[in-house]
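Enquirer: What follows is the residue order along each chain.
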Amino acid sequence: MPKITMNVNGTSVSAEVENRTVLSTALREGLGMTGTHIGCDTSQCGACVVHVNGKAVKSCTIFAVEADGADIDTIEGQANADGSLNVIQQAFQDHHGLQCGFCTPGMIMSAAALLKDNPKPTEAEVRDYLEGNICRCTGYQGIVNAIMAASGQMPAIAAE
Amino acid sequence: MAADGGMGHATKRREDVRFLMGRGKYTDDYTAAKTTYCAFARSTVANGKINSIDTSAAAAMPGVVAVFTGEDFVEVGGNPAGWLINSRDGEPMKEPKRPVLAHGKVRHVGDAFAAVIAETLEQAMDAVEAIDADIDELDAVVNMADALANDKTLVHDEIGTNQCFDWGWIEDNRAATDEAIKNAPHVTTLELVNNRLVPNAMEPRCSIGEYDPGTGDYRLTTTSQNPHLTRLLISAFVMGIPENKLTVHSPDVGGGFGSKIYHYGEEALVLAAAKKLNRPVKWTSTRTEAFLSDAHGRDHVTKIELACEKDGTFIAFRTETMANVGAYLSNFSTATPTFLHGTLMAGNYTVPNVYVNVKAVFTNTAPVDAYRGAGRPEATFSLERVIDKAARELGIDPIEIRRKNFVKPDQYPYASAAGLEYDSGNYDSLMDGLEKRADLAGFEARRAESAKNGKLRGLGINSYIEACGIAPSNLVGVLGSRVGLYDAATVRVNATGNISVMVGAHSHGQGHETAFPQVVADMLGVDPMSIEIVHGDTSKIPFGMGTYGSRSLAVCGSAVFRATEKIIKKATLIAAHMMEDKPENVDFEDGDFSVKGTNKKVSFGDVALKAYIPHDFPIEAIEPGLEETAFYDPANFTYPSGAYACEVEVDPDTGKVDICSMVAMDDFGNVVNPMIVTGQVQGGLAQGIGQALLEHGIYDENGQLLSGSLMDYAMPRADDLPNFVVDHSHATVCTHNPIGVKGCGEAGAIGSPPTVVNAVIDALQRGGHDVEHIDMPVSPARVWAAMNS
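Chains as they are written, first to last, in this note's numbering: chain A, 35 to 194; chain G, 63 to 851.
Hint data in this document are derived by calculation from the structure and do not stem from the laboratory.
Everything numeric in this text was worked out from a predicted model, so none of it was measured.
For every residue, glycine included, the Cβ atom is placed at its ideal position computed from N, Cα and C.
Chain A regions said to be covered by chain G (calculated; three or more residues, Cβ under 8 angstroms): (1) 77-88; (2) 105-111; (3) 128-136; (4) 158-170; (5) 173-186.
With the hints as constraints, model all of the structure from the sequences given.
Expert: Quick look at the structure:
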């Protein structure tokens, strides 16, 4: 089996993977990083979004061997250095942007990519950008509010 | 009163932190050493006779450690239906066996007939491809009317019919209802379809079986909304494993919406395989498998008649429904179209005559069972669509006709003509609130503005009532339930003063870990963060019935309340002993015990410590320790209700419907955490709008699921939905549970579908199109066709 090396959340890691193994499976099974979730088999749900060389990618859409040598960022690496929630994560808690938590890692990673490219999106732009991330619990309102808050366009604290 | 974060506070959810960090632990995140992986061979035909299954090639594949077929489970029991329904003629329903793996016949696409266990998932999946199954495809029955008319093509040959039951509610009211309709000045009739839905919780099902040969203990880690019920079903009906030798652990679960209430054959398979192999066995559903094998929802074909006076006073509702149960009876499938549907067919109204007939039909499709709302969305949709049609026929405003027939606040408790006793409510108050929050007075101006842009704007109104807190064991027993529906909680005050609360309810998005401590903290006057909820593990929690039917807080929360009352009672005895006074002289307030009229005081924490260090206890009077359990079985269902308004714009060129606004005014009784309640309603609204506009589980005439992936089945996405207005300030308190709560989980999914469809029909009618009804999902193609027919 091919051996690949990736820089995951700033740490160099290696794993042996089958040629057919997709990146999402390699992260979960090969590296034990189960924060990235798999919710479908047609690259629709977006629960597995990670950043590959700084770009948001559904990690089920690329083979692990394609990520050899890449910089990978996952949900496990998103918190602040002191272990506290980062601005986007905190906004999701403040604005009830999650319920069961299963789509959440992909939502956070997509939101981070959106705000990197478009720091002050309109609400319509947020909803449009999330087209590739399905949430079955929230009806998206809390998620959209959280992303607007993280971009500084809504009060930071909605809940007590 | 808790210092912070007690009852009524929008406390941020503590469980969010682990989910936001990627530290949630869902079933598929558990991988024990030496785990093997399971993949299933599933039928590609909807109805087929199994001639033979040759597994020899598969068994010889690399990494394969075991292969199972239906033959291996012939001697074990089957997965039972949880409710016994009797037909109108008194005959019990037909209950064909539901085996662990299909044997003799396959009955729907996705019906599992073999399983491979291998060292890796990839090896297991490869080996499934090598199974040589000789299956003769037979004609399939898919359409319900055809299935009832046809006694040649049967889903289950041994029962001689495709009809599961023919149920009447209330049969004694049938003649009076028929007579009332015959003599009524006006009768409105509507035929409609309540479309089949696929629940699609974002986490696919997953089950891990483990067996310890040293102790003989089994362990099942699984995606379940009710681990104790799953254990009971496996123990008592399917496998005969003693309950005390089986632990069912349901860790973080990524949504359920009903689809994870039920026991599924895959759970039994991984347990049997784990014992045979003496290794952990893991199965994780793909989304494709989820579409084909999870229990679906809804799928009713209904004719409803509303008889009324010319002034709109309701005289009778009569309903005839065919309800699809699919190929096998899932655990609650027989309760959903009957008692969760028929008993709600009086709605919010003082109608004197109600009769409901439901024929449940076997078809070669995936089993259908309770999905968010479960029967109550079907009831509400039928009622609120036919009421709108009647209002139009009679020239009465849709709000006016509803107000005219509402149960009034001074009529509670109100015995409905469909057999329930509503304990509380105020439907006029909800409608008053709705008229303000939805700015109904401004609708005409908004409609004119839409018209300027070439769009047809419509307004839809809806009232709903639901029976929640699914419970009273004595009542559900009469109605055919084979289980009790109480819940249970144990409150354990630890020596150092912090508290563990073991609950029968299961949280899979509902925020119990935050909301339940708010109840306890309020009662004990302690910091909510000192209280931890333990749920989802049968080896740790008392026997409760889990989470569905908006029951967690109303039933399990009430058990928590009762157990906490017992804690206070015992702690008062200990405090009295510590302060050397009589218990009746001791007050408890804000976390402190004090003796009336003195400055003697001990804190709750001091009492907790004393309970576990009873050096000077009067042990004949007070036992050491501070731990209490309560089982709570309510006296009645709870009755949340609401009034909803939706405005839509229809594009006359394309038939596309856009939701402009959706306002939900709900009466949930007391609210523990308004942030969580609002989130529950928003999620329910999204699923209801999904049903109304987007979602459809479609089988072709051969029983192939055409909408079998997330590319074909239209899940609501962020840009399909508006921001919602959610208001639960017009509340009446539940009269029979100690917290006064009613339940909020299903309301949005119940109230919104008829609101949306009423709005679309209103838009078309106002636009000059004589369209009376469009079946859901109200897709652009259907709207355009209706406008241009």
